[in-house]
Amino acid sequence: MSVRVCDIMHKGVITCSSKESLRNVAAMLDDNQFRSVVVVNENGEVWGLITYMELLAHYRDDVDTVEASQIMRPYRMEVDPQWPVEKAIELMKKLKHYHLIIVDPHVGTRWPVGMLTSFDIVQYMAHLEPGHHESFLRLGGAK
Amino acid sequence: MAELVKHLMRRGAMTCNEEMSVRSVAQIMVVNRLRYCVVINKKCEVQGMISADSILRAYDKDLDAVRAKDILQSHSFTTTPATPLPAAIALMTKNRREHLIVVGDPPTNRSVLGILDAKDIVRSIARDEKSEGR
Chain S
9 MSVRVCDIMH
19 KGVITCSSKE
29 SLRNVAAMLD
39 DNQFRSVVVV
49 NENGEVWGLI
59 TYMELLAHYR
69 DDVDTVEASQ
79 IMRPYRMEVD
89 PQWPVEKAIE
99 LMKKLKHYHL
109 IIVDPHVGTR
119 WPVGMLTSFD
129 IVQYMAHLEP
139 GHHESFLRLG
149 GAK
Chain H
8 MAELVKHLMR
18 RGAMTCNEEM
28 SVRSVAQIMV
38 VNRLRYCVVI
48 NKKCEVQGMI
58 SADSILRAYD
68 KDLDAVRAKD
78 ILQSHSFTTT
88 PATPLPAAIA
98 LMTKNRREHL
108 IVVGDPPTNR
118 SVLGILDAKD
128 IVRSIARDEK
138 SEGR
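Residue numbers (the working numbering), protein chains in the order written: chain S, 9 to 151; chain H, 8 to 141.
In case anyone wonders, no lab produced these hints; they're calculated from the structure. Do not rely on the hints blindly, as some may be mistaken.
[Unchecked claim] Only pairs whose alpha carbons sit at most 30 Å apart, straight line, appear in this in silico BS3-like list of lysine-lysine:
1. Lys50(H) <-> Lys68(H)
2. Lys50(H) <-> Lys101(S)
3. Lys76(H) <-> Lys95(S)
4. Lys126(H) <-> Lys76(H)
5. Lys19(S) <-> Lys13(H)
6. Lys76(H) <-> Lys50(H)
7. Lys49(H) <-> Lys27(S)
8. Lys68(H) <-> Lys19(S)
9. Lys104(S) <-> Lys27(S)
10. Lys95(S) <-> Lys19(S)
11. Lys76(H) <-> Lys101(S)
12. Lys101(H) <-> Lys27(S)
13. Lys101(H) <-> Lys101(S)
14. Lys13(H) <-> Lys68(H)
15. Lys95(S) <-> Lys50(H)
16. Lys13(H) <-> Lys76(H)
17. Lys68(H) <-> Lys102(S)
18. Lys49(H) <-> Lys95(S)
19. Lys13(H) <-> Lys49(H)
20. Lys19(S) <-> Lys101(S)
21. Lys68(H) <-> Lys104(S)
22. Lys76(H) <-> Lys102(S)
23. Lys102(S) <-> Lys126(H)
24. Lys104(S) <-> Lys126(H)
25. Lys50(H) <-> Lys104(S)
26. Lys102(S) <-> Lys101(H)
27. Lys104(S) <-> Lys101(H)
28. Lys126(H) <-> Lys13(H)
29. Lys19(S) <-> Lys104(S)
30. Lys101(H) <-> Lys76(H)
31. Lys101(S) <-> Lys13(H)
32. Lys68(H) <-> Lys95(S)
One chain only, chain S, in its complex shape:
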């Protein structure tokens, strides 16, 4: 059986409102060790995405007055958690979007349920077996 998006995605996402300041968005990312924040509307539905790149582009702005809605990238794709991983990878490669927001179509709204990033794909591609970490981390133990 092929691997599905829901098997390797991050469950849950960090969300913010469109009125959140750029500094607060940066603090959310830093505090939670995430690389992207989903901007949601008043119904909790996906509206946009802010990654490190959007924040860096506004580095010189007044980070306390610029709002999330001004810097976010509008997000209109719908990636189903039941998709095969290959389909999501093709979408990433085609659009060069390396953060895919996963929404559950069965709840009838665009509520975010998870995130799939290029690093999740690398983890999948690495084929690391349990216990393999030690052979890398042990001094002189790399094969």
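Take the given structure of chain S and dock chain H to it, following the hints.
Showing chain H alone in chain S's frame:
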């Protein structure tokens, strides 16, 4: 603005040999929770960088047969410790790169000093460290 790359860069960088398989590079990145690996040659000169995105683009290839040098991103995306931070950030945003390799002066120097990571720039935004004289 007085802030320079050396104020935010990380000293040292994860490196791999250009002949290493892409699968091994992916494993190194996963084990160390890093989204980049600097590729060097036998003389320890920078050849380029491999990111999670560049590994993803090699998905349909044989990862045990493809070498790091086959998929690396150009070493032209480098900066130096004395470069003003806004100039380095402009290079990152223009090319949508979350990491820049920091090399010694002059920029033609190919020895790796460290990494400028977008993560550290975001942290400086969050903590109001953009002002001069940090």
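A quick look at each hint next to the structure:
1. The suggested pairing of Lys50(H) with Lys68(H) holds, with an alpha-carbon distance near 28 Å, which does not exceed 30 Å.
2. Of the supplied pair hints, the one linking Lys50(H) and Lys101(S) is violated, its CA atoms being roughly 33 Å apart against a limit of 30 Å.
3. With a C-alpha separation of about 27 Å, the suggested pairing of Lys76(H) with Lys95(S) holds against the 30 Å cut-off.
4. Among the hinted pairs, Lys126(H) with Lys76(H) is consistent with the structure: their alpha-carbon atoms are about 26 Å apart, no more than 30 Å.
5. Only pairs whose Cα atoms come within 30 Å are accepted, and Lys19(S) paired with Lys13(H) is rejected, the gap being roughly 36 Å.
6. Pair hint Lys76(H) plus Lys50(H) holds up; C-alpha atoms about 15 Å apart against a cutoff of 30 Å.
7. The suggested pairing of Lys49(H) with Lys27(S) is violated, with an alpha-carbon distance near 51 Å, which exceeds 30 Å.
8. Our distance criterion of 30 Å between C-alpha atoms is met by Lys68(H) and Lys19(S), whose separation comes to about 28 Å.
9. The suggested pairing of Lys104(S) with Lys27(S) holds, with an alpha-carbon distance near 27 Å, which does not exceed 30 Å.
10. With a C-alpha separation of about 19 Å, the suggested pair Lys95(S) and Lys19(S) falls inside the 30 Å cut-off, and the hint holds.
11. Restraint check for Lys76(H) and Lys101(S): satisfied, since their Cα atoms lie roughly 20 Å apart, inside the 30 Å limit.
12. For the hint pairing Lys101(H) with Lys27(S), the CA-to-CA distance comes to about 26 Å; that is within 30 Å, so the pair holds.
13. About 19 Å separates the Cα atoms of Lys101(H) and Lys101(S), which keeps this hinted pair within 30 Å; it holds.
14. Of the supplied pair hints, the one linking Lys13(H) and Lys68(H) is violated, its CA atoms being roughly 38 Å apart against a limit of 30 Å.
15. Taking the CA atoms of Lys95(S) and Lys50(H), the gap is about 40 Å. The hint is violated against a cut of 30 Å.
16. With a C-alpha separation of about 28 Å, the suggested pairing of Lys13(H) with Lys76(H) holds against the 30 Å cut-off.
17. Distance hint between Lys68(H) and Lys102(S) is fulfilled; the C-alpha atoms sit about 16 Å from each other, no more than 30 Å.
18. At most 30 Å may separate the alpha-carbon atoms for a hinted pair to count; Lys49(H) and Lys95(S) exceed this at roughly 38 Å.
19. Between Lys13(H) and Lys49(H) the alpha-carbon distance is near 27 Å, which keeps this suggested pair within the 30 Å criterion.
20. For the proposed pair Lys19(S) and Lys101(S), the alpha carbon gap of about 22 Å is at most 30 Å, so the pair holds.
21. For the given pair, Lys68(H) sits about 18 Å from Lys104(S) by alpha-carbon distance, which is consistent with the 30 Å threshold.
22. Under the criterion of a C-alpha separation no larger than 30 Å, the hint pairing Lys76(H) with Lys102(S) is consistent with the structure, at around 23 Å.
23. For the given pair, Lys102(S) sits about 25 Å from Lys126(H) by alpha-carbon distance, which is consistent with the 30 Å threshold.
24. Proposed proximity of Lys104(S) and Lys126(H) is supported: the alpha carbons are some 20 Å apart, at most 30 Å.
25. At roughly 33 Å between alpha-carbon atoms, Lys50(H) and Lys104(S) are farther apart than 30 Å, so this suggested pair is violated.
26. Between Lys102(S) and Lys101(H) the alpha-carbon distance is near 19 Å, which keeps this suggested pair within the 30 Å criterion.
27. About 14 Å separates the Cα atoms of Lys104(S) and Lys101(H), which keeps this hinted pair within 30 Å; it holds.
28. A distance of roughly 15 Å separates the Cα atoms of Lys126(H) and Lys13(H); the hinted pair therefore holds under the 30 Å criterion.
29. Distance hint between Lys19(S) and Lys104(S) is fulfilled; the C-alpha atoms sit about 22 Å from each other, no more than 30 Å.
30. Note on Lys101(H) and Lys76(H): the hinted pairing holds, with a Cα-Cα distance of about 24 Å set against a maximum of 30 Å.
31. Restraint check for Lys101(S) and Lys13(H): the C-alpha separation of about 33 Å exceeds 30 Å, so the hint is violated.
32. Between Lys68(H) and Lys95(S) the CA atoms are separated by roughly 16 Å; this keeps the pair inside 30 Å, and the hint holds.
In summary, the structure is inconsistent with hints 2, 5, 7, 14, 15, 18, 25 and 31 from the numbered list given earlier, while agreeing with the others.
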